[in-house]
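Now for the letters of each chain:
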Amino acid sequence: MTAIDVSEVSKRFRGRGPLIRRWRATPPETVALDRVSLGIDSGEFVGLLGRNGAGKSTLIRVMTGLMVPDAGQVRVLGLDPNRDQVRNARNIGVTFGQRTQLWWDLRARDSFEILRDMHGLPATTYAGRMRELDDVLGLSGFWDTQARHLSLGQRVRCDLAAALLHRPRVLFLDEPTIGLDILVNDQVRAMLADLARTGDHAIVLTTHDVADVEALCPRIVLIDHGKTLFDGTLADLTRIGARRRTVVVELAAGKGPPSRIPDARLLELDGARATYALEPGVSQADFAARLLAADEVRAIDFDGVRLEDVLRSIYAGDRSLLSAP
Amino acid sequence: MTTRVHRLARIAPLAECMRGTRLATTGFVVATQVLLYAELWRALYAHTASVAGLDVRQAVTYSTLAALATTARTMRGATGESVKTRILDGSIAYWFLRPVSARRYRAWYGVGEALYSSAWVVGGLALGLGLGLVAPPASAAVAAVSAVSFGLGLVVLYCLTVLIDIAAFWTVSTDGVTRCYEFVQSLLSGALIPLWFFPGWLGGVAAGLPFAAGVSTPISLYAGRIRLADAVPALAGQAGWCLALAMVTALGWRRAGRRLVVLGG
Numbered sequence: 001m002t003a004i005d006v007s008e009v010s011k012r013f014r015g016r017g018p019l020i021r022r023w024r025a026t027p028p029e030t031v032a033l034d035r036v037s038l039g040i041d042s043g044e045f046v047g048l049l050g051r052n053g054a055g056k057s058t059l060i061r062v063m064t065g066l067m068v069p070d071a072g073q074v075r076v077l078g079l080d081p082n083r084d085q086v087r088n089a090r091n092i093g094v095t096f097g098q099r100t101q102l103w104w105d106l107r108a109r110d111s112f113e114i115l116r117d118m119h120g121l122p123a124t125t126y127a128g129r130m131r132e133l134d135d136v137l138g139l140s141g142f143w144d145t146q147a148r149h150l151s152l153g154q155r156v157r158c159d160l161a162a163a164l165l166h167r168p169r170v171l172f173l174d175e176p177t178i179g180l181d182i183l184v185n186d187q188v189r190a191m192l193a194d195l196a197r198t199g200d201h202a203i204v205l206t207t208h209d210v211a212d213v214e215a216l217c218p219r220i221v222l223i224d225h226g227k228t229l230f231d232g233t234l235a236d237l238t239r240i241g242a243r244r245r246t247v248v249v250e251l252a253a254g255k256g257p258p259s260r261i262p263d264a265r266l267l268e269l270d271g272a273r274a275t276y277a278l279e280p281g282v283s284q285a286d287f288a289a290r291l292l293a294a295d296e297v298r299a300i301d302f303d304g305v306r307l308e309d310v311l312r313s314i315y316a317g318d319r320s321l322l323s324a325p
Numbered sequence: 326m327t328t329r330v331h332r333l334a335r336i337a338p339l340a341e342c343m344r345g346t347r348l349a350t351t352g353f354v355v356a357t358q359v360l361l362y363a364e365l366w367r368a369l370y371a372h373t374a375s376v377a378g379l380d381v382r383q384a385v386t387y388s389t390l391a392a393l394a395t396t397a398r399t400m401r402g403a404t405g406e407s408v409k410t411r412i413l414d415g416s417i418a419y420w421f422l423r424p425v426s427a428r429r430y431r432a433w434y435g436v437g438e439a440l441y442s443s444a445w446v447v448g449g450l451a452l453g454l455g456l457g458l459v460a461p462p463a464s465a466a467v468a469a470v471s472a473v474s475f476g477l478g479l480v481v482l483y484c485l486t487v488l489i490d491i492a493a494f495w496t497v498s499t500d501g502v503t504r505c506y507e508f509v510q511s512l513l514s515g516a517l518i519p520l521w522f523f524p525g526w527l528g529g530v531a532a533g534l535p536f537a538a539g540v541s542t543p544i545s546l547y548a549g550r551i552r553l554a555d556a557v558p559a560l561a562g563q564a565g566w567c568l569a570l571a572m573v574t575a576l577g578w579r580r581a582g583r584r585l586v587v588l589g590g
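Sequence lines, in order, name chains A and B. Residues 1 to 325, numbered by the numbering used here, are exactly what the first sequence covers, in order. Residues 326 to 590, numbered by the numbering used here, are exactly what the second sequence covers, in order.
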């Protein structure tokens with residue numbers, strides 16, 4: 001079942017400079033989204049990735065109903081998220097990593113109780129859910145603390161609990177693990193993975209933490225300049241990256257790196273270290289074997305197959321990876 | 326599932342009570358204001374028994390009640406729960422992502438603020454009566470009519486505050502508008518100086534604007550400046566302002582939703 005349906009959505013922003021300059025020049029226009037289409041089914045966990053300013057946040061705001069698109073249409077579980085904002089809110093849970101929905105002067109527990117009242121959760125249901133969330137996120141140690149006195153990690157955990165309290169069927173998580181230590185990060189990831197495994201939730205994750213994406217998102221949507229650059233599986237994206245592999249070779253002291261190696265092209269030379277690009281179809285094992293047979297090599301470091309490297313290349317403007325067959 | 330939105334009214338008082346210093350500050354500000362105004366009015370009446378048909382007891386009663394009625398102003402911004410602050414920290418988004426509309430949420434929050442400030446008025450009134458600062462109402466009917474009028478005044482003040490606040494959807498910062506509003510509201514509501522001391526043209530301006538309905542009308546009824554026989558038109562005038570302002574704020578909220586700007590990416 002399609003949980004989120006984004007169809008040909010466009011959004012432009014007109015810049016608003018200082019008043020004194022507004023009459024002198026036409027304000028610049030930024031295309032935040034350009035005919036973006038996206039369908040996300042229940043049970044899917046999608047990583048929405050892109051550089052800063054790529055259009056991810058705008059897309060999240062359009063999908064959550066905070067922003068009305070200039071063109072196109074959005075449906076979340078059949079509802080227009082902007083026109084049916086109140087009904088839609090019962091179906092969705094949202095976290096914005098840097099922004100809290102807790103009431104600053106109140107204890108975290110008071111904030112949960114206010115949300116309980118807003119969602120109309122019966123007392124027993126609420127108590128059960130708080131127990132479950134406490135088990136995973138370890139909230140009870142600080143839920144009697146005023147929100148303004150919580151550490152970043154504690155606040156992020158509370159915000160995550162606040163988003164999950166009403167068991168939403170669609171989750172929008174914007175940097176949900178920001179500020180968490182490794183152990184809590186692992187717990188949160190495990191909880192989100194459990195949630196995804198139930199198959200009842202559609203989850204959209206935007207993050208710059210590639211490890212989160214690799215651990216959680218079988219599907220990746222890559223946005224750049226308001227357009228969808230890639231929409232496919234994590235495995236596909238890494239496979240695409242593998243087409244453009246680089247290898248850093250460090251030869252034994254006193255030996256300069258060869259300018260030419262079969263099946264590889266020299267990209268950069270830095271003292272005894274040289275970076276080569278492997279030709280398509282060449283296996284790493286064969287290349288390493290040939291190199292080791294010919295020269296005294298101190299180190300070989302294959303690069304370019306990790307998601308982080310693929311994203312780095314694409315963010316840097318190398319689109320050939322995506323257009324290559 | 327049934328939402329229990331009325332419970333949102335406890336947010337503002339709860340937030341105030343969470344910070345003991347806030348309670349102490351509000352008490353200090355109100356007490357200082359009441360005592361200083363009482364001293365000023367006594368000094369003004371030192372050589373005369375009556376000014377503009379008002380004796381010193383009525384003047385002190387008026388100023389004490391005016392200081393108490395505007396208690397809500399001293400807590401504004403304390404809990405930080407305003408459109409302006411939420412737009413600036415970006416968390417305004419959550420107001421539009423909950424199963425209670427932003428307008429209803431702000432209204433129930435306002436009910437909490439009104440109840441909180443009413444508690445100060447009731448407590449202050451009791452203390453003022455006990456200390457002899459405030460004259461008791463002329464009759465039970467005057468007390469009842471004043472209480473109704475005070476309630477309508479709270480609605481008027483709430484609507485005006487919200488209208489200024491939701492201007493932030495268009496202007497982001499409302500500092501200038503708020504400064505202007507605070508001054509105009511203090512002056513034209515009669516919170517600083519009773520309206521009957523105003524020159525004719527300024528009295529006419531004040532009468533044509535809603536501010537007086539928030540403070541001057543209920544206190545004038547209590548102090549006997551508006552006679553019980555004239556209470557109905559006074560209350561009708563307040564109710565009219567409530568209706569008109571509620572309609573304008575409803576329209577403002579409808580348009581605000583489409584003007585929502587969440588700062589930062």
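Because the hints were derived from the structure by calculation, they are not lab data. It is possible that some hints are incorrect.
If you want a taste of the chain A side facing chain B, the calculated C-beta under 10 Å gives, among others [unchecked claim]: (1) R61; (2) L66; (3) Q73; (4) G78; (5) D80; (6) R99; (7) R107; (8) M118.
Listed next, the stretches of chain B that the computed footprint assigns to chain A, with coverage defined by at least 3 CB atoms under 8 Å from CB atoms of chain A [what the hints assert, rightly or not]: (9) 479-486; (10) 562-575.
We put the beta carbon where it would ideally sit given N, CA and C, even for glycine.
Right, here's what the structure says about each hint:
A least Cβ separation of about 6 Å between A/R61 and chain B falls short of the 10 Å threshold, and the interface hint therefore holds. Annotation: interface hint on A/L66 holds; nearest CB of chain B at approximately 5 Å, less than 10 Å. Checking A/Q73 against chain B: minimum C-beta separation of about 16 Å lies over 10 Å; hint violated. Because the beta carbon of A/G78 sits about 17 Å from the nearest beta carbon in chain B, more than 10 Å, this interface hint is broken.
Among the interface hints, the one on A/D80 is violated; its C-beta lies about 13 Å from the nearest C-beta in chain B, farther than the 10 Å criterion. Hint status for A/R99 relative to chain B: holds, with the closest Cβ pair at about 5 Å, below 10 Å. Taken as an interface hint, A/R107 checks out: its beta carbon lies about 8 Å from the nearest beta carbon of chain B, inside 10 Å. Restraint check, A/M118 versus chain B: the minimum CB separation of about 5 Å is within 10 Å; hint holds.
Only residues whose C-beta sits within less than 8 Å of a C-beta in chain A count toward coverage, and the stretch 479-486 of chain B has 0 of them, not enough to reach three; the restraint is violated. Counting residues of the stretch 562-575 of chain B whose beta carbon lies closer than 8 Å to any beta carbon of chain A gives 0, which falls below the threshold of three, so the coverage claim is violated.
The structure fails to meet hints 3, 4, 5, 9, 10 from the earlier list, while all remaining hints are met.
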